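Protein chains: 2
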Amino acid sequence: MKKILILGGGGMIGQKLAQKIVREQTFEEADITLFDRAFPVGDLGLPAIKGNIADPAISQKLAAAQPDIVFQLASIVSGQAEQEFELGWDVNMMSMWHLLNALKDQHDATNGRYCPRVVFTSSIAVFGGPYPDKIGDEFLSAPLTSYGAQKAACELMLSDYSRKGFVDGISLRLPTICVRPGKANAAASSFFSGIIREPLNGHEAILPVQDTVRHWHASPRSAAGFLTHAATMDLARLEGRRALNLPGYSCTVAEQIEALRRAAGQGAVDLIKHQPDDAIESMVASWPRNFDPQRAIALGFTSENSFDEIIKAYIEDDLDR
Amino acid sequence: MKKILILGGGGMIGQKLAQKIVREQTFEEADITLFDRAFPVGDLGLPAIKGNIADPAISQKLAAAQPDIVFQLASIVSGQAEQEFELGWDVNMMSMWHLLNALKDQHDATNGRYCPRVVFTSSIAVFGGPYPDKIGDEFLSAPLTSYGAQKAACELMLSDYSRKGFVDGISLRLPTICVRPGKANAAASSFFSGIIREPLNGHEAILPVQDTVRHWHASPRSAAGFLTHAATMDLARLEGRRALNLPGYSCTVAEQIEALRRAAGQGAVDLIKHQPDDAIESMVASWPRNFDPQRAIALGFTSENSFDEIIKAYIEDDLDR
Numbered sequence: 023m024k025k026i027l028i029l030g031g032g033g034m035i036g037q038k039l040a041q042k043i044v045r046e047q048t049f050e051e052a053d054i055t056l057f058d059r060a061f062p063v064g065d066l067g068l069p070a071i072k073g074n075i076a077d078p079a080i081s082q083k084l085a086a087a088q089p090d091i092v093f094q095l096a097s098i099v100s101g102q103a104e105q106e107f108e109l110g111w112d113v114n115m116m117s118m119w120h121l122l123n124a125l126k127d128q129h130d131a132t133n134g135r136y137c138p139r140v141v142f143t144s145s146i147a148v149f150g151g152p153y154p155d156k157i158g159d160e161f162l163s164a165p166l167t168s169y170g171a172q173k174a175a176c177e178l179m180l181s182d183y184s185r186k187g188f189v190d191g192i193s194l195r196l197p198t199i200c201v202r203p204g205k206a207n208a209a210a211s212s213f214f215s216g217i218i219r220e221p222l223n224g225h226e227a228i229l230p231v232q233d234t235v236r237h238w239h240a241s242p243r244s245a246a247g248f249l250t251h252a253a254t255m256d257l258a259r260l261e262g263r264r265a266l267n268l269p270g271y272s273c274t275v276a277e278q279i280e281a282l283r284r285a286a287g288q289g290a291v292d293l294i295k296h297q298p299d300d301a302i303e304s305m306v307a308s309w310p311r312n313f314d315p316q317r318a319i320a321l322g323f324t325s326e327n328s329f330d331e332i333i334k335a336y337i338e339d340d341l342d343r
Numbered sequence: 023m024k025k026i027l028i029l030g031g032g033g034m035i036g037q038k039l040a041q042k043i044v045r046e047q048t049f050e051e052a053d054i055t056l057f058d059r060a061f062p063v064g065d066l067g068l069p070a071i072k073g074n075i076a077d078p079a080i081s082q083k084l085a086a087a088q089p090d091i092v093f094q095l096a097s098i099v100s101g102q103a104e105q106e107f108e109l110g111w112d113v114n115m116m117s118m119w120h121l122l123n124a125l126k127d128q129h130d131a132t133n134g135r136y137c138p139r140v141v142f143t144s145s146i147a148v149f150g151g152p153y154p155d156k157i158g159d160e161f162l163s164a165p166l167t168s169y170g171a172q173k174a175a176c177e178l179m180l181s182d183y184s185r186k187g188f189v190d191g192i193s194l195r196l197p198t199i200c201v202r203p204g205k206a207n208a209a210a211s212s213f214f215s216g217i218i219r220e221p222l223n224g225h226e227a228i229l230p231v232q233d234t235v236r237h238w239h240a241s242p243r244s245a246a247g248f249l250t251h252a253a254t255m256d257l258a259r260l261e262g263r264r265a266l267n268l269p270g271y272s273c274t275v276a277e278q279i280e281a282l283r284r285a286a287g288q289g290a291v292d293l294i295k296h297q298p299d300d301a302i303e304s305m306v307a308s309w310p311r312n313f314d315p316q317r318a319i320a321l322g323f324t325s326e327n328s329f330d331e332i333i334k335a336y337i338e339d340d341l342d343r
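Protein sequence lines, in the order shown, are assigned to chains R and A. Per my numbering, the first sequence runs over residues 23 to 343. Per my numbering, the second sequence runs over residues 23 to 343.
Derived by calculation from the structure, the hints in this document are not laboratory data. Hints are supplied without guarantee of correctness; some may be wrong.
If several chains are the same, the list does not tell them apart, and a pair holds so long as it fits within one copy or across any two.
Said to hold, decoys possible - Using 25 Å as the maximum straight-line C-alpha spacing, the simulated SDA-like pairs for lysine to any residue come out as follows:
| no. | residue 1 | residue 2 |
| --- | --- | --- |
| 1 | Lys186 | Lys334 |
| 2 | Lys295 | Arg259 |
| 3 | Lys126 | Asp112 |
| 4 | Lys295 | Thr132 |
| 5 | Lys83 | Thr55 |
| 6 | Lys126 | Pro152 |
| 7 | Lys156 | Asp190 |
| 8 | Lys205 | Ala87 |
| 9 | Lys186 | Leu162 |
Values in this document were obtained by computation on a predicted structure and should not be read as measured data.
Start from the sequences and build out the full structure, keeping to the hints where you can.
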C-alpha cells in the first residue's frame, strides 16, 4: 500500500494525476489524499483536505501521516507571483521549506526509516535569456521572474535535503502545459491553450502575439505521465542532479494553427482573432523557446512529437462532445 | 557620506575589506559599521556590533540605520554547514531572507527612495561536478554541498529582490581565497593556504592530497578588490544576471609548491609533509578546478595571473617579519 499525498490536488494537473493513478493502477494499492485551497466541482471520490500550504502547521500535520510519495504541485501562478511579491515567496518558496522540514522531522523521529519520495513541479521559468537556440541540460538557471526564482530555490532545497537522505526528491521543469482544459486562467501563457481549445469548442479565441512566436509545449496527459514516472523511477539514476528539463514539443504559433486546421478545418482557424497585446508580447519574448532535454529522454520521460498529437490528447481526454 | 555595513566584519575578508576602504578612501567619506558574532584582537577603530545574523530582529535593527552599502559576508563554513544541517540553512540562507525583507521594509517605508547596494559573497561551491575543463559563465549551478545550495538560494533571492528594485544586489562567486593569514581553519580547503603560509613562517605544513590536484585561487587582496569593485560599479552592466564567476588563477598543488620554492627556497619546500587523507582527497576531487570568467573580466574584476603573485601578496600584506 502506497500512501500518496498530492499537494495542489485540486488543480488541473493534480486532478489529472490522481485520475491517472486510479485508472492505470500505477501502484498495486494506492491510498491517495488530495490537498488544496479549493477543489473543482465533480468529486473524484478521494479524500480531500482543504488548507493553506503556506501555513507551517499544515505541513507538520500532512507530514505526520508519513506519506510514501508527496507530489508538490501547489503554487501560485507566475502572473500573481509577480504582482503579489510577498505572497509569491511565501507560497512558492517558504512552503517548500516548511514541507521539507516537516518531512525531515518525521525522518528524524523514525531514526531515518521514513524517507518519502518528493516529486516537485518546477518550471522552465527557472531560465532567463539570453538563450541558446536549444537550452541544454547544463544551461544556467537565471530566472527573470519571481515565480522562476522561487521554483529554482525550491529545487536547491529539495536537492540538498535529498542528498542528505531526509527525502528522495526530484524537480521536474515542466514545459508549458497545452491544451489546458476548462476556462482560460490568469497566466500570460493562457493563450497557447486558448487558441486551440476555444475554436474546438466553437468559440472565438484571442491571439495576443505574432504567429512567429516559438514556445515549448507538452500536454496535460504528458504532465501526468512525467509525474508518475518520477514517482516510480530509481532516482539514483539522477546522479545527484535532481532538477530535470523535460521533453516537450517546440513549435511556432503558426504551426499550432496549422495543426488546428488539420484537426478541425478552416472554420476553427477562422475563430482565432489576432489582437496584439504589447505586454504579453514582451513577456512571451523572454520565455524559452526550445530545449535539448537529453537527460530526461535517457531517463525514460516521454511527451508528444508533434502539435497534432497534443491536440489529439486534448480531443481524446477533455473535449466535451 | 556613504553608510557602509559589513556583515561578517569580524572575519578575515571583512577585516581586509574595511582596512582597504579606510586606507584607499574608496568612498570620499565612509561611515563603516562592522557586524559579527565576534571580532579579532586588534581594533580597527571602527564601530563594531556583536550579534547573530540568523536572528530576524537583528536584520530589522541593522536595516533601520539605512546603510547605503551592505556587504553580506556572514556565513558558516562549508564543513560546519555539512555537519550542522539546520544551523547551516538558518545562518546561510534564512539570514539572507530576513536581511532582504528588512531592507525591503525600509524601501517600502521611504516610498522606494531607499534602495541599498547589497554585495554578497557567494562561492564556487554553487557548482557541482561533472565539470567541463573550464567552467563557463553559463554553466549550471548544481551544488553538491549544503553550503553551496545555501549560497545558490541566496543568489536567487538577491537577484529577484534586485530585479524588483527593492535593493541593488550582486553575488560574487569567490574562488578559494589563498594565502589566508593566521591559523588554519576547519575548512577542508585550509591546506591550500597552509602549505604556503606555514613554511614561510618556518613551520611544518601537512599536505593531505596528491600534488596533481588542481584548484582555483585568488588572494585576500583580490577578494577585497572584488568587493569594492562590486560596491562601486554600475550594476545595470550585469543585464539581469547578478551572480558572477570571478577571475582567479588555476594551478596544481605542484605548481603552488614550485612558486613557494622560487619565493623562499628548498628549505621552505622541505617543511611540507605529505600525509594523504582520503576524506579530504575525495572532497577536493569534487571541487571546481578551472573557470573561464569572461563576464567578470569584461566588467573590470581583476586577480592574480600567477601563483607567484599570490604568494607575493601574502608576503607584502600579511607575513610577520
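Hints versus structure:
In the homo-oligomer, the alpha carbons of Lys186 and Lys334 never lie at most 25 Å apart, since the shortest distance is 43 Å inside one protomer and 41 Å across protomers. With identical chains, the CA atoms of Lys295 and Arg259 are never at most 25 Å apart, being 46 Å at best within one copy and 40 Å at best between copies. Taking the closest pair of Cα atoms, Lys126 and Asp112 come within 25 Å of each other both inside a single copy (20 Å) and across two copies (15 Å). In the homo-oligomer, the alpha carbons of Lys295 and Thr132 never lie at most 25 Å apart, since the shortest distance is 59 Å inside one protomer and 45 Å across protomers.
Proximity of Lys83 and Thr55 under a CA criterion of 25 Å is satisfied intra-copy only: 13 Å inside one chain copy versus 44 Å between copies. In this homomeric assembly, Lys126 and Pro152 never come within 25 Å of each other (Cα to Cα): the closest approach is 38 Å inside a single copy and 28 Å across copies. Taking the shortest Cα distances, Lys156 and Asp190 never come within 25 Å of each other, neither inside one copy (29 Å) nor across copies (31 Å). With identical chains, the CA atoms of Lys205 and Ala87 are never at most 25 Å apart, being 34 Å at best within one copy and 49 Å at best between copies.
In this assembly of identical chains, the alpha carbons of Lys186 and Leu162 lie at most 25 Å apart whether taken from the same copy (23 Å) or from different copies (21 Å).
Hint compliance for this structure: hints 1, 2, 4, 6, 7, 8 are broken, all remaining hints hold.
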